[in-house]
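Novice: Heads up: the sequence lines are chains D and A, in that order.
In terms of my numbering, the first sequence opens at residue 103 and continues consecutively.
In terms of my numbering, the second sequence opens at residue 600 and continues consecutively.
Hint data in this document are derived by calculation from the structure and do not stem from the laboratory.
There's no promise every hint is true.
To spell it out: a stretch of chain D is covered by chain A in this simulated footprint if at least three of its residues, at any positions, have a beta carbon under 8 angstroms from a beta carbon of chain A; those stretches are [to be verified]:
1) 154 to 166
2) 183 to 195
3) 228 to 237
4) 278 to 284
5) 351 to 359
C-beta: ideal position from N, C-alpha, C; glycine also.
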Amino acid sequence: MTAERFKTRSAVRHGDGAAQSAPSRARRARARRRAQLTAWGFIAPVLAYLGIFYAYPLYRNIDLSLRSYTLSSFITGDAPFAGLSNYISVVHSPTFAPALVNTAIFTFVSIAFQFAIGLALAVFFFKTFRLSGILRALFLVPWLLPLLVSASTWSWMLNSDSGIVNSFLQAVGLQPIDWLTSPKWALVAVLIANIWIGIPFNLVIMYSGLQSISPDIFEAAAIDGANGWQRFWRITFPLLRPVSAITLLLGLVYTLKVFDIIWIMTRGGPATASTTLAIWSYQLGFGSLLPDFSSAATVGNVLILIAVVFALVYIRARSRLETT
Amino acid sequence: MKRRSAWLTAVGVLVTAVMLFPVYWMINVSLTSTSNMRKSPPNLIPIDGTLQGYAVVLHQQLPYLGTSLLIGLGTVAVTLVLAAPAGYSLAKLRPRGGGVLSFVLLIAQMIPAIVMAMGFYVIYLKLGLLNTVWGLIIADSTIAVPFGVLIFTAFMSRIPNELLQAARIDGAGTMRTFLSIVVPVSRNAVVTVSLFAFLWAWSDFLFANTLDGGGGLQPITLGIYAYIGNNNQQWNAIMATAVVASIPAAVLLVVAQRYVAAGVTSGAVKD
Numbered sequence: 103m104t105a106e107r108f109k110t111r112s113a114v115r116h117g118d119g120a121a122q123s124a125p126s127r128a129r130r131a132r133a134r135r136r137a138q139l140t141a142w143g144f145i146a147p148v149l150a151y152l153g154i155f156y157a158y159p160l161y162r163n164i165d166l167s168l169r170s171y172t173l174s175s176f177i178t179g180d181a182p183f184a185g186l187s188n189y190i191s192v193v194h195s196p197t198f199a200p201a202l203v204n205t206a207i208f209t210f211v212s213i214a215f216q217f218a219i220g221l222a223l224a225v226f227f228f229k230t231f232r233l234s235g236i237l238r239a240l241f242l243v244p245w246l247l248p249l250l251v252s253a254s255t256w257s258w259m260l261n262s263d264s265g266i267v268n269s270f271l272q273a274v275g276l277q278p279i280d281w282l283t284s285p286k287w288a289l290v291a292v293l294i295a296n297i298w299i300g301i302p303f304n305l306v307i308m309y310s311g312l313q314s315i316s317p318d319i320f321e322a323a324a325i326d327g328a329n330g331w332q333r334f335w336r337i338t339f340p341l342l343r344p345v346s347a348i349t350l351l352l353g354l355v356y357t358l359k360v361f362d363i364i365w366i367m368t369r370g371g372p373a374t375a376s377t378t379l380a381i382w383s384y385q386l387g388f389g390s391l392l393p394d395f396s397s398a399a400t401v402g403n404v405l406i407l408i409a410v411v412f413a414l415v416y417i418r419a420r421s422r423l424e425t426t
Numbered sequence: 600m601k602r603r604s605a606w607l608t609a610v611g612v613l614v615t616a617v618m619l620f621p622v623y624w625m626i627n628v629s630l631t632s633t634s635n636m637r638k639s640p641p642n643l644i645p646i647d648g649t650l651q652g653y654a655v656v657l658h659q660q661l662p663y664l665g666t667s668l669l670i671g672l673g674t675v676a677v678t679l680v681l682a683a684p685a686g687y688s689l690a691k692l693r694p695r696g697g698g699v700l701s702f703v704l705l706i707a708q709m710i711p712a713i714v715m716a717m718g719f720y721v722i723y724l725k726l727g728l729l730n731t732v733w734g735l736i737i738a739d740s741t742i743a744v745p746f747g748v749l750i751f752t753a754f755m756s757r758i759p760n761e762l763l764q765a766a767r768i769d770g771a772g773t774m775r776t777f778l779s780i781v782v783p784v785s786r787n788a789v790v791t792v793s794l795f796a797f798l799w800a801w802s803d804f805l806f807a808n809t810l811d812g813g814g815g816l817q818p819i820t821l822g823i824y825a826y827i828g829n830n831n832q833q834w835n836a837i838m839a840t841a842v843v844a845s846i847p848a849a850v851l852l853v854v855a856q857r858y859v860a861a862g863v864t865s866g867a868v869k870d
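Make a model of the complete structure from these sequences and hints.
Specialist: Structure below.
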């Protein structure tokens, strides 16, 4: 850097025609460098933070998954390297297949319902009527409540003997259902709660998507004699496609991570009936008196891998949206 | 036309009522006396209701609420201090490689909390940060910091360059410009980010349960969890705690609804 500065200075001193612009160029380069330094100075705290509190825990997690850690390894500090054996044993575990299938069902069914209901509600609330704004605001409540609160409320509502849902079923002449304790219904129960929580998010995003469509388009369609149904499928829905894509992908990535609701309502049970990968990972690491951190970290990494695949899809979709 | 609008309002009220029924039910159960709790069918309104559950909350849960408040405010502070300068830089100072950072932040939001919890547990065990409020503030802030940077970047890139140039001509350095121009102008973004950071920290259960399971100071989510785990089936007390734990969400909705909507959409919709 000093050598460079010296060179430019000597160029100034020699002062031939070609070097005329050199000093200003050098000054500009130095200013640019200082600007870059300032720019990175503002970023430095977050960068350090990401390194310490994201990269390092992630590194430890990968490290855990490649060694066989036990509780005593934390005290003695020595855990033998195990290569990919943790991954192999996780894949061969009898819990792996149900956890993977449950994760897939939970994620896709949640998103399908959240999106469809959210979109329908967005279209509904987009019409002008009294109280529309207040009602739309009230719809945010389920999303703002702590997940633990929603999950406990749903647990009690779906309680086999004293839950309001079963009382309702009996009142209309149906059989009561063991929502949380029967293997057939546990996953459905947590799905219902999760869909309920996710609707507001979809509603708000799709509503703002609708707001970004020019009202002239609807007007023109109405003049051309399109009815409401046609207007939705021919105009609204295609115009909402970019927003929809991003909403769905965000929902996908967030739903993969869901832990609180399932853990509070069923703890992944009965047996593995509602165990997802996130639940399984927690069970292995923290759920018993004999923690198996290596296997827990391994399952966690499998979950990350799935999330990253979808994240890449998300980013591709986003950049494609930006270029068009 | 007027009649059609009234009809729509009726449908809207009905749909909202169905959606909010669980919230109503939480309040109803919180007021139900223990003797009526197992009644079948349950009382739809709290007939001979009781404040028993709330008395228990006041008696047992106040320290938990205080801890949650402390953790929430701490998380807000950490998030703002880290995210606002980074957002400013990414939006206006054009750092080389800034695009990569934005990408990393986007990816960071997708890491499951359970994975972070495991990593934090191993590290905290060594540093002695397990079961401390500080440890929990740091862990909770990891949920909010990437989101905060993205919000600040989006918001601050809309500040007109002329404003910043005027400050520079008046002799203000980058730091001075940031503190006395950019931050005050970005008040809305500050509110949005603070709101979400607080709410996420307040609602966090996974980090609390894994990193603060044996702590002397525990947040309200662990207070509720202990009730459920005890199997004492004091559902009016559980639901009363749940109602109290929902107060910040309710307050934020009333006071800052437009910021909430702004926060939800800015992540997903470009304008």
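Novice: A separate judgement is required for each hint: does it hold in the structure or not?
Specialist: Structure-based check of all given hints:
1. 154 to 166: holds (count 9)
2. 183 to 195: That given contact is violated, which follows from only 0 residues of the stretch 183 to 195 of chain D lying within Cβ reach (below 8 angstroms) of chain A.
3. 228 to 237: holds (count 7)
4. 278 to 284: violated (count 0)
5. 351 to 359: This one holds; 4 residues, not fewer than the three required, reach chain A with a Cβ under 8 angstroms.
Consistency note: the structure conflicts with the earlier hints numbered 2, 4.
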